[in-house]
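Protein chains: 2
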Amino acid sequence: MRSRLPVTDANLTAEQYKQKMQRRKAIQDQRLAERSLEKGLLVVHTGNGKGKTTAALGMVLRSLGHGYRVAIVQFIKGAWEPAEKAALERWGEQLTFQAMGEGFTWETQDRERDIATARAAWEQALVFVRDPIYRLVLLDEANVALKLGFLDVDTVLQGLLAKPDDSHVILTGRGAPPKLIAAADLVTEMTLVKHPFREQGVKAQPGIEF
Amino acid sequence: MRSRLPVTDANLTAEQYKQKMQRRKAIQDQRLAERSLEKGLLVVHTGNGKGKTTAALGMVLRSLGHGYRVAIVQFIKGAWEPAEKAALERWGEQLTFQAMGEGFTWETQDRERDIATARAAWEQALVFVRDPIYRLVLLDEANVALKLGFLDVDTVLQGLLAKPDDSHVILTGRGAPPKLIAAADLVTEMTLVKHPFREQGVKAQPGIEF
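Going line by line, the protein sequences match chains D and Z. 138 is the number that this note's numbering gives to position 85 of the first sequence; each next residue is one higher, with no gaps. 96 is the number that this note's numbering gives to position 43 of the second sequence; each next residue is one higher, with no gaps.
Quick caveat, the hints were computed from the structure, so don't treat them as lab data. Please note: incorrect hints may appear among the correct ones.
Pairs count within a copy or across copies, as identical chains cannot be separated in the list.
As the list claims (entries may be wrong) - Below are the BS3-like pairs computed for lysine-lysine, each with C-alpha atoms no more than 25 Å apart in a straight line: (1) K130 - K78; (2) K138 - K256; (3) K256 - K130; (4) K73 - K92; (5) K73 - K247; (6) K92 - K247; (7) K73 - K138; (8) K247 - K71; (9) K71 - K138; (10) K92 - K232; (11) K92 - K71; (12) K232 - K78; (13) K256 - K78; (14) K138 - K247; (15) K71 - K232.
In this text the structure is predicted, and so the values were computed from the model without any measurement.
Model the full structure from these sequences, guided by the hints.
This is the structure in structure tokens:
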């Protein structure tokens with residue numbers, strides 16, 4: 054791998070550095086001036102790397118800090134992880150949580166039940182998405198339900214049109230379908246570079262995975 | 054784009070689906086059995102996409118939910134965002150926060166001052182990293198300080214060796230140097246797929262960017 058150190062920067066005189074940063078600031082100020090629109094976003098976190106749900110939880114935390122009401126629906130996991138529950142319960146009614154899954158698909162081994170559960174989760178999600186009281190709705194692992202065909206992507210996109218203009222919806226999980234990516238405003242792919250499960254036999258640990 | 058829907062799965066009979074998931078569960082159980090090691094991790098979140106800091110905040114939230122002490126040092130931003138502050142202050146002394154930066158580099162326009170600030174932040178970070186009371190230490194935007202040459206990567210890697218075996222350290226920010234990636238246990242690259250700043254002129258919004 055090549056070093057990514059900006060060697061040119063390190064060779065600048067203090068005055069050259071100052072001038073470079075002044076130009077950078079002018080560009081930055083112009084960009085900020087151009088970006089004036091506020092818009093409730095359709096956000097997608099996908100990819101095989103870690104951080105899809107955790108980044109959504111970070112946004113939940115920020116929204117709670119702003120005093121906004123937040124709703125979370127879990128599509129695949131069967132229950133709220135105890136540490137997340139302990140942490141987020143501090144906000145009481147400001148945060149609504151629904152775990153609709155019954156564990157991973159290889160636990161239930163029953164596709165009809167998985168489909169019924171995913172559809173019930175989506176019906177609950179729609180209630181939150183439509184309700185202007187929620188400024189952020191997190192549909193955790195919803196992409197997996199779409200990928201597995203438990204939910205129809207056109208039905209979901211149609212439902213998301215009912216989102217109020219100033220509220221945000223986040224869908225997380227691997228394998229977000231192309232139609233969802235096309236419709237979304239903000240899409241990040243979490244790419245696996247290194248993972249200690251695979252490479253070092255390290256197990257899931259508190260604070261990291263749950 | 055091709056559809057990523059697993060068409061084969063949708064065509065399976067209920068019994069075939071069950072058998073497939075039974076095989077999947079057997080593999081999953083074996084993997085879990087093989088992964089028995091617990092290890093404090095060196096975690097890196099890098100890339101040009103969103104979610105590097107937010108995913109770290111999600112891990113902070115989980116750690117707090119487990120009752121662990123957490124320390125955060127911000128290397129580039131000058132102050133704690135008010136919403137994050139409001140949210141995380143609920144944990145009182147369980148969370149220690151130090152904002153060491155003085156804003157973005159294009160705000161200070163003074164490299165010597167930026168270098169001095171980054172080094173002071175690193176000295177503070179080292180105190181937290183060495184202290185076994187902290188189970189998680191987040192060095193927010195530290196990668197940027199490394200990338201800009203404000204901190205020396207060998208010095209930082211040497212310092213991180215003092216981390217207790219069961220505590221985790223996360224470094225976030227664009228441009229993580231290859232030596233850091235090589236030394237890390239868990240590396241995720243947040244890849245920008247779509248961003249409404251660039252594409253729609255949408256500005257930074259509460260709950261999303263801060």
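Now the hints, each set against the structure:
no.	hint	result
1	K130 - K78	between (45 Å within a copy, 15 Å between copies)
2	K138 - K256	within (21 Å within a copy, 32 Å between copies)
3	K256 - K130	within (18 Å within a copy, 34 Å between copies)
4	K73 - K92	neither (33 Å within a copy, 43 Å between copies)
5	K73 - K247	neither (35 Å within a copy, 28 Å between copies)
6	K92 - K247	between (35 Å within a copy, 15 Å between copies)
7	K73 - K138	neither (47 Å within a copy, 32 Å between copies)
8	K247 - K71	neither (37 Å within a copy, 32 Å between copies)
9	K71 - K138	neither (48 Å within a copy, 31 Å between copies)
10	K92 - K232	within (20 Å within a copy, 40 Å between copies)
11	K92 - K71	neither (35 Å within a copy, 43 Å between copies)
12	K232 - K78	neither (37 Å within a copy, 30 Å between copies)
13	K256 - K78	between (45 Å within a copy, 17 Å between copies)
14	K138 - K247	neither (28 Å within a copy, 31 Å between copies)
15	K71 - K232	neither (45 Å within a copy, 29 Å between copies)
Checked against the numbered hints listed earlier, the structure breaks hints 4, 5, 7, 8, 9, 11, 12, 14, 15; every other hint is satisfied.
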